[in-house]
Structure formats: structure tokens, C-alpha cells
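K.L.:
Protein chains in written order, with the working numbering: chain P, 415 to 666; chain D, 18 to 267.
Simulated from the structure, these hints should not be mistaken for laboratory data.
The model shown is predicted, which means the values in this text are computed figures rather than measured ones.
Careful: at least some of the hints might be erroneous.
[Unchecked claim] In silico lysine to any residue, SDA-like type, Cα no more than 25 Å apart, as pairs:
no., chain 1, residue 1, chain 2, residue 2
1, D, Lys124, P, Pro572
2, D, Lys124, P, Gly652
3, P, Lys591, P, Gly534
4, D, Lys124, P, Ala567
5, D, Lys89, P, Tyr479
6, D, Lys149, D, Leu128
[To be verified] Beyond 12 Å from chain P on every Cβ pair, some chain D residues (computed):
no., residue
7, Asn19
8, Ile20
9, Tyr31
10, Arg33
11, Glu34
12, Gly39
13, Gln45
14, Trp79
15, Asp188
16, Pro189
17, Glu190
18, Gly193
19, Ser205
20, Met207
21, Ile234
22, His249
Where is the CB? At the ideal position from N, CA and C, for every residue including glycine.
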Amino acid sequence: MRERGAACPSPSWSKEGELKIEGLITVGRSLPDLLGATLINIELFLALILLGFLVGIIIALLQVYGGGFWSALASAWEWFFRGVPALVLLVLFFYGSSEFGLSLAPFTAAALALGFRSSGYQSQIFRGAIQSIPPGQMMAARSVGLSRLQAIANIILPQALRLAIPAWSNEFSSVIKDTTLAYAVGVNGVLRHARYIMVRHYELAMLAYITVALVFLLLTYGGNWLLGLVERRLALPGFQMKGGRGQEALSR
Amino acid sequence: MNIILKVEDLHKRYGREEVLKGVSFEVQKGETKVIIGPSGTGKSTMLRCINQLTPPDKGRIWLDGVEVTHPKTNINTVRAQIGFVFQDFNLFTHLTALDNVRLGLLKVKKLVKERATEVAVEELRRVGLADKTEAYPAELSGGQQQRVSIARALAMDPKVILFDEPTSALDPELIGEVLTVMIDLAKSGMTMVVVSHEMGFARSVADEIIFMEHGVIVEQGSPQQLFSHPQHPRTGEFLHKITELYGETG
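Next comes chain P alone, as it looks inside the complex (with noise of 0.2 Å):
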């Protein structure tokens, strides 16, 4: 098999016929594997994005409530994770802690550097999901005997995680894609068995390509839907998708 896929203008590309049928034989015999894949995938998708929400609202918190020193530490967090490029903060956590001698697992320092990462776009859209909330709530929620902190639980971070919604699902597009680029420090996962697949037979490369984009293009589609779901359970009167009666002014 590999004879063919070394040399590209190999004598089997004039068996055009015969070969996209070995070909899709092929891509179709690995697609237990493809997807095997995608699952690791998937694993490091809901570690980074649990890990970027959680540290996302904290930064957000602090931004908006911290004031003086916890604001400007969650200021800096932000920049720096939103500042430096994906890939370069992959090799950083990998190769970088094996420096300082903790030697982490390619997926465990893919998780906390994509994850990170994340944390400072999700805490953007947090920040702006916080201070949309009328000054009003905060006041009455004092005003009744709650501590700031219940204030919070109770009253803003419900409204906000609301509100966010939206943007999130941006964030939420965003980063299952990211995923990929994990392989660079050696996750296996659906990107490096599409090289497995291109080294092995070159001319099933697109192929290969084209299912990962299939994956992605479901996986993202799935996921949109499951969040639209979200939404609508937790939409309240006064936090609708769509505004009622305002919405007619735009029927005509």
C-alpha cells in the first residue's frame, strides 16, 4: 500500500474509477477509528470548556467586583490568554512544564492551555453579561439583608448566565474547532489520524480532510442545537430570545 502514496503521480491515478471506490473502502474501514478519535476530540472539548467557564466567570467576577489589585490580576490573566496565539501556548504548557519538571500528559497540558485560553474570551462575554444587569439588582438584592457574595449567586449570575447565551455559543464554535490543534503536541485525536490516513495513501488525503470537516461541521451543529435548547428551557418571561411585542415593529 504505501508504494502508492509515495509517489504521488503514481500509474494509479489512471484507474481513476477503480481507485475512489478503493479509496472511500479505505477512509470507510478507518471510520471506527476517525471517530474513535474525534472522541478524544470531544474529551478535550468538555475539559477545556468546563475549565474555561469556571476560571471565565472568577476573572469576570474580578474584573467587575474585584477592584484595585484583583481587577488588574484578572486584567492581565485576559490579555495574556487572549494575546498569544493557540498553538504557541499549547507548546508552552507542554514542552514548558516539563522544565520546571512536571512533565504534564499531552492532553492535560492541551486542557489547561486551551482551556486558559478560553477562560479569557468567556470572561469577556461574562463581563459584559454582568455589567448589562441594571445597578438596581445589586441594590435591592443588599438592600434585602443578602451579602455581596449571595448577591451574586442569587441574583446576578442568573440573569447574566442568561444573557450570555448567545455570545457563548460563539465561544463555544470557537474552541471545538480548536481542538485540533492539539495533535502539535501530540493528542491523538481526529486531525492526526487524518495524517495517518494522508501518509498512508496520499491521494485519499481530501478525503480524509473532508470527513474531519464533516465531524466538525456535526459537531458544531449538534452542539449549536443542544445550546438553542438551553436557551429556550431557560428563557423567563423579560429573557426571551425574542422580544414580544418589539418584534413586530420589524414585521413590515
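Mind docking chain D on chain P? Use the hints.
P.N.:
Frame of chain P, contents of chain D only:
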């Protein structure tokens, strides 16, 4: 007499502008005090200083003998004992009327859910909204929202309720339902401090009226005294103007 709230020499400055220039007064238990005066004279700021939503620069405040302004006083405990009704309601927009009223009972008073629900439903009934427990603020009229916010304050069983122009954001036809609730409250013996332009309410319900201008109390006394025999010429001028503008409804 039983003094429930005491304010002494309150000062507050925003930048170069001194909004409060030494305000002092006392509120007796069960009393309704109405604060009137032109806009921008520090009435709302003064009210917010009382529960420290706006910390004053100088001055001391006591609630039922406890010094609110003392740094060691737990402000959350104090606030739970002071009801506050805002001009623009400030109901928690993601919570139903019931949950708006119940939140403080659960999170601050730590009541069990069944008991909190009982109290909340009772207070909503008291303001005439027993049928709106499951409604969200966006589904309620302004008057209904303000009544929910009064129920939210009442549920905490406060020692005093502060009203910051509670009817100013309402359509004229909705003012009556809120004033009715407030009149009933005053009659039931609730201690109230009300910043308002509703002269009818002030005249009929207030035990004492405070006229504030330029950050100081110009004059205070019974409605009878202020409306009929104002001691200060500015008091008479203001009352005349405001009655002309708003009438005496309520």
C-alpha cells in the same frame, strides 16, 4: 417615647457637591414620616444612607438602639430589619413574585421552604396579589410590581420601611393601588419613612412632614402645621407649587 430610628448630623458629598449638609431627625415606633422637597435636595441620598446603600461621609444612625454606622455592626443583619422600596421597583427580574418575596426569608432569615412560602404568600395576599404568585415581573403592571416590592419588604418583618418615591415611576391610574396599600400599612402601625410628592398622602397619613432643601431640613412638623402655618417662607412656596402640579390625589 419609643425611638426606632435616629439620624444624627448626616453628611454626604459627591465630588465637589455636598448633597447632605448635616441632617438629623428621629422616628418613633409606628410613626409615618413623609419627606418632601424639590428634586436634587438629597432626599433619596438620605434614605440610602440610612441602610448604607450609600455610605455617608459623616454622621451616625441608630436602628432600635443599634448603631448602624458603627464599623463593627453587621450591615446585612441591619438591612434585613430595614425594608426598602425603590422608585423603579427593582424586582429580581428572573424570579417569580413568590420567589422575589421568599428570597430574603430563605437566604437571610434561613427559614425552611414551607414556612418561607407561607409568609411570602401571606404578604402577597396583604398587598392584593394572592393570584399573582407565579407571575414574573415582566408580566406585571407597574403598580403590581411595586406592590410585590412592598410585600418583599414586609416579609422580612422590618422595624421600619423606607420608601423612595414609590409612586413616581407609575402611570397616574396605577398610583392609587400602591397608595392604598401604603395607607393600610401606616394604619396597621408600621413605621415608615416616605420620600414622596403625593401631598394627599402626606396630608392624610403623615404624623410628621419633613421639608428638605439644599441638603438640610428646612422645617418639620405636623401636616396641619406645615400646610396651614408654615414657619419658613420656602415651605409655603414649595407646598403651594407642588399642590398645583400634582394635585392632592391619594
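K.L.:
Against each hint, give a clear statement of whether it holds in the structure.
P.N.:
Outcome of the hint check:
no.	hint	verdict
1	Lys124/D with Pro572/P	15 Å, holds
2	Lys124/D with Gly652/P	24 Å, holds
3	Lys591/P with Gly534/P	17 Å, holds
4	Lys124/D with Ala567/P	11 Å, holds
5	Lys89/D with Tyr479/P	22 Å, holds
6	Lys149/D with Leu128/D	22 Å, holds
7	Asn19	23 Å, holds
8	Ile20	22 Å, holds
9	Tyr31	16 Å, holds
10	Arg33	23 Å, holds
11	Glu34	20 Å, holds
12	Gly39	25 Å, holds
13	Gln45	23 Å, holds
14	Trp79	18 Å, holds
15	Asp188	17 Å, holds
16	Pro189	22 Å, holds
17	Glu190	20 Å, holds
18	Gly193	24 Å, holds
19	Ser205	21 Å, holds
20	Met207	17 Å, holds
21	Ile234	24 Å, holds
22	His249	33 Å, holds
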